[in-house]
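Note that the protein sequences, when read in sequence, are chains A and B.
Anchor point for the first sequence: position 70 equals 70 in this note's numbering, and the numbering is continuous, going up by one each time.
Anchor point for the second sequence: position 60 equals 60 in this note's numbering, and the numbering is continuous, going up by one each time.
Calculated directly from the structure, the hints in this document are not laboratory data.
The beta-carbon is built from N, C-alpha and C at its ideal position, and this holds for glycine as well.
A portion of the hints provided could be inaccurate.
Here are the computed lysine-lysine pairs in the DSS-like style, where the Cα-Cα straight-line distance is at most 25 Å [claimed, not checked]: (1) B:52 - A:54; (2) B:54 - B:69; (3) B:54 - B:3; (4) A:41 - A:15; (5) B:52 - B:3; (6) B:3 - A:41; (7) A:78 - A:54; (8) A:78 - A:41; (9) B:52 - B:69; (10) A:44 - B:54; (11) B:69 - A:44; (12) A:15 - A:44.
If you want the ones that stay clear, here's a sample from chain A, every Cβ over 12 Å from chain B, calculated [unchecked claim]: (13) 14; (14) 15; (15) 65; (16) 85; (17) 115.
Chain B stretches covered by chain A per the calculated footprint, using a threshold of three residues with CB under 8 Å from any CB of chain A [said to hold, decoys possible]: (18) 23-29; (19) 54-65; (20) 89-97.
Residues per chain are reported as follows:
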Amino acid sequence: EAGVTQFPSHSVIEKGQTVTLRCDPISGHDNLYWYRRVMGKEIKFLLHFVKESKQDESGMPNNRFLAERTGGTYSTLKVQPAELEDSGVYFCASSQQGTSGFYEQYFGPGTRLTVT
Amino acid sequence: LAKTTQPISMDSYEGQEVNITCSHNNIATNDYITWYQQFPSQGPRFIIQGYKTKVTNEVASLFIPADRKSSTLSLPRVSLSDTAVYYCLEQGGKLIFGQGTELSVKP
Numbered sequence: 001e002a003g004v005t006q007f008p009s010h011s012v013i014e015k016g017q018t019v020t021l022r023c024d025p026i027s028g029h030d031n032l033y034w035y036r037r038v039m040g041k042e043i044k045f046l047l048h049f050v051k052e053s054k055q056d057e058s059g060m061p062n063n064r065f066l067a068e069r070t071g072g073t074y075s076t077l078k079v080q081p082a083e084l085e086d087s088g089v090y091f092c093a094s095s096q097q098g099t100s101g102f103y104e105q106y107f108g109p110g111t112r113l114t115v116t
Numbered sequence: 001l002a003k004t005t006q007p008i009s010m011d012s013y014e015g016q017e018v019n020i021t022c023s024h025n026n027i028a029t030n031d032y033i034t035w036y037q038q039f040p041s042q043g044p045r046f047i048i049q050g051y052k053t054k055v056t057n058e059v060a061s062l063f064i065p066a067d068r069k070s071s072t073l074s075l076p077r078v079s080l081s082d083t084a085v086y087y088c089l090e091q092g093g094k095l096i097f098g099q100g101t102e103l104s105v106k107p
């Protein structure tokens, strides 16, 4: 069974540009999460999808970040315009059906974003 | 804010048993204790989860006392490949990560 995949693995962009990160969860997983680690700090929650609906987006830092999950399959996270402080590693995770918080979350390898 | 507190780092030698203790004094009634492992340049990986008493799987054991204010992850006979960061989390939905414990296993 394929795990969670993320694309690209690394992205380098200039301040003010736009970047779109993609996450493909494990097939059949209704729950999809985005996290990020910036500046060597702790991994922080960004948002949670249940199928195509945003269940919790309390961790989204500002309106420059837009997450979508059309059709309840893959998800994209767009940063527009990117700022220097957005540099970090963005992780995606998925878990199986249900809104319970007790299911194991499977993480992807992350996308390393560098804004110069 | 992270809800859990654990040592920042630990050192061990191959073949030893390692116990990492985590404090979660205000854990919610419905929350579980979950431990993740993370290697450099990889995403976190689930190790074990429990609610109360003892849970054991092929990788580790998890001990949670009756008051649930702390938990201990036990790794039997560690090897060099167990060098990683270990996170203790209260899980009731989204994961809230703390700093984790950086475990270094030496030959």
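Here is how each hint holds up against the structure:
no.: 1; hint: B:52 - A:54; in the structure: violated, 31 Å
no.: 2; hint: B:54 - B:69; in the structure: holds, 14 Å
no.: 3; hint: B:54 - B:3; in the structure: holds, 21 Å
no.: 4; hint: A:41 - A:15; in the structure: holds, 21 Å
no.: 5; hint: B:52 - B:3; in the structure: holds, 18 Å
no.: 6; hint: B:3 - A:41; in the structure: holds, 16 Å
no.: 7; hint: A:78 - A:54; in the structure: holds, 15 Å
no.: 8; hint: A:78 - A:41; in the structure: holds, 21 Å
no.: 9; hint: B:52 - B:69; in the structure: holds, 10 Å
no.: 10; hint: A:44 - B:54; in the structure: violated, 29 Å
no.: 11; hint: B:69 - A:44; in the structure: holds, 23 Å
no.: 12; hint: A:15 - A:44; in the structure: holds, 22 Å
no.: 13; hint: 14; in the structure: holds, 24 Å
no.: 14; hint: 15; in the structure: holds, 25 Å
no.: 15; hint: 65; in the structure: holds, 16 Å
no.: 16; hint: 85; in the structure: holds, 19 Å
no.: 17; hint: 115; in the structure: holds, 19 Å
no.: 18; hint: 23-29; in the structure: violated (count 0)
no.: 19; hint: 54-65; in the structure: violated (count 0)
no.: 20; hint: 89-97; in the structure: holds (count 7)
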